[in-house]
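K.L.:
Relying on the hints, combine the two individually framed chains into one complex.
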Amino acid sequence: MKSKSPSSRTLARWVRELHLYIGLFLSPFILVYAVSTLFLNHSVRTTPTDRGREVVPITVEDGLEGMPLVHSVLQQLEISGEILGRGMVRNDKTTFRVARPGTVKIVSVDLKKKEAEVVERSSGLLGAIVFLHFNPGLHKQPNWAVTKFWGWLADSVVYLTLFLTVSGIYLWWLLKAERKTGLIIIGAGGLSFILLIVPLIFI
Amino acid sequence: MNKREFPRTFGKWNRKIHIYLGLYFLLFLWLFSISGLVMNHPKWFGYKVDRSPREAQITLPQGLTDMEAAKHIRENLGLKGEILLRRQNRKGQLIFMVMRPNKRVNVNLNRESGLAKITEVTPKSNVVLGDIHTFTGVRAMWNEPAQERDWIVTRLWSLSMDAVCIGLLYIVLSSIYMGFQLREKRKYVIASLGTGCALCAWFVWGLAMTA
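As you go down the protein sequences, you meet chains A and B in turn. If you count the first sequence from 1, you need to add 9 to reach the numbering used here. If you count the second sequence from 1, you need to add 1237 to reach the numbering used here.
For reference, chain B alone in the conformation it holds in the complex (with noise of 0.2 Å):
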């Protein structure tokens, strides 16, 4: 390929690819998107959950450590869902959560007497999509000792949010490219591009400097 040829073949990759993967993340963008705007309106839609308390009898083999314990309840249970095993503060006890999108189960479990409470918790559908939009399976703000992944599903749905931002910083990196390439329309391009980077840049820089 000659020096002319690249931009050209260059140019049309980078259009097709832009195209290919807006159409391929289609379903992801949208609901990212919407979830966003429900998280962002919680009294539109209400937060309402349902409650469901039980108990149950557990007998749990020795020397395990709390994950796994925890990890043993959570199939004996028969539940399915990423483990959120905060730091133990209630001695003889053990406390965690088994959460998805659509279901938390609680469980606290008296070590010595080996019943356990369980609850399970589920939440309404705007609550399940913010659900969905935020689960990567180790939140900062779980406050986790260990902050791993113990779900296979949560892995793959972390790494999908990955190849979604991704892709998305390729599809705004080549529309930039694109609109660049358009000789007669780039005082627009610049104009509409700078007045997004300086209203965003105000956000993420000047309010901290005028503080």
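The shape of chain A in the complex, shown without the other chains (with noise of 0.2 Å):
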């Protein structure tokens, strides 16, 4: 019988404990992704709720639009969130969202009135996982440090998850008892992933 060699045997041990801690740090976010999905999958939509509305007076440039307006609006009203819009003003008036995972700030500015509206919406948990889902996403790209650090999050799962689907196979390939069952496993897989693909795509 062949015995493992010491190199091979701390590689083993090293792949299972990285294997063990790391999956468990990504429990939550493989749970926010894969619940998401779920909902996401059957359509099912959150029934956003008015938390509360205030008018707020506000001192404006003459003038100033666009970003630089919807910064200093901003700064005035103390929030801060991922920006959707860019302050472009018509009759005076500019309206912008400011979100966070659950919740969103629809802010509208009159500039001769020079007050700013802020009305809070929540959409609640489901809300949040799913605005968690879709940063940063195809069509946008993150404007606020927190859904930046999200989004390299979001990268980090994605690298973590590849490392453990492939220590995942070194681990099991250790198992001789589990070989040929796990090969029986993979194959089965992957021809129902090939069934599902070619219409997909192909027929």
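In case anyone wonders, no lab produced these hints; they're calculated from the structure. A quick note: this is a predicted structure, and the numbers were derived from the prediction, not measured. Be aware that a few hints might be false.
[Said to hold, decoys possible] The calculated lysine to aspartate or glutamate pairs, modelled on EDC-like cross-linking and capped at a C-alpha distance of 16 Å, are:
no.	chain 1	residue 1	chain 2	residue 2
1	B	Lys1308	B	Asp1387
2	B	Lys1422	A	Glu26
3	B	Lys1424	A	Glu26
4	B	Lys1249	A	Glu187
5	A	Lys123	A	Asp101
6	B	Lys1354	B	Glu1292
P.N.:
Here it is in structure tokens:
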């Protein structure tokens, strides 16, 4: 019988430890993605509820518009979040949204009256996980430091998930008693994958 | 099975199912992970599509609903894919899209003249990956009056997405169970799981609470 070398035993131990701890660290992130996918896959929509409305006087420099206007207003209102909107002024008014997971503030600025109306809308837990699932996203890159950090985390979740799958294969391969069943299951998974992807794209 | 044997048998099968589910969904996990990464970085790969317009003469039978008419046209034009039928705003016209991950066909039919303007949009492979990732057939952003999957392939793909999610939920829960079974490593298990939970909870609840 061939005995394992000390280096391969050390490698196996390290891979097992990393697989365990990285997997546990990723668990809540994977839950967020899996649960939100179930809701998105069945088009379950959240019904946002208004949580409050206030009108706040503001000072705006003449001729200010676009993103400088948005940032100036947000600074005065002490609001931060992911900005949706460009601050284009029409008829002395502009509206933009400031989103966080599960909540959005709709800011309507009246430049003539020099006031801003802020409506806060909550979409709850489901809204929060769907927001996180969609960020950064294909059509929008984050503009808030916190969502940029989430984007970095989302990328890390991908890299670490890939590590978990590869390390999982390695750990499974070490279990000689499971090799045959494992190969059959990989084959079955691969076959179902091909049977689903081929009609989706090629037929 | 006595009380002492149960945890051992459960632990053994829990581990086996954890391994088997991971192996079964391997390609699905790679697909969704890589396509997710590609969608997070549209600038890395660009967003290019090829468009080829054409026209066709179509005769519709009387009394069809918009969806029935769209299905009729899809069949007559030999198209395959999910019909995306938004609310019809232009009188005398039927506008819809037949989409699948590697092709979108826009159809704009003038009901009176029977002339249909058809534009085939073929995206690049990175966009195809993104479309596979999001291809549920019932996206809220499409704003369809009837949220239903009208292509059998979409139904199967959507079912497989559910299966992957449920499989992942089991893999996660089984890993937590297995982690807590390792008594000598319990503090590290709690530390890694706790760090992940705390970070995730801050994003899910914390940010809204401090808004």
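K.L.:
State for each hint whether it applies.
P.N.:
Cross-check of the supplied hints:
Taking the CA atoms of Lys1308 of chain B and Asp1387 of chain B, the gap is about 9 Å. The hint holds against a cut of 16 Å. The hinted pair formed by Lys1422 of chain B and Glu26 of chain A meets the criterion: a straight-line CA distance of about 10 Å does not exceed 16 Å. Between Lys1424 of chain B and Glu26 of chain A the CA atoms are separated by roughly 13 Å; this keeps the pair inside 16 Å, and the hint holds. Simply put, Lys1249 of chain B and Glu187 of chain A have alpha-carbon atoms about 12 Å apart, close enough for the 16 Å limit, and the pair holds.
For the hint pairing Lys123 of chain A with Asp101 of chain A, the CA-to-CA distance comes to about 10 Å; that is within 16 Å, so the pair holds. Between Lys1354 of chain B and Glu1292 of chain B the alpha-carbon distance is near 5 Å, which keeps this suggested pair within the 16 Å criterion.
No hint from the list above goes unmet by this structure.
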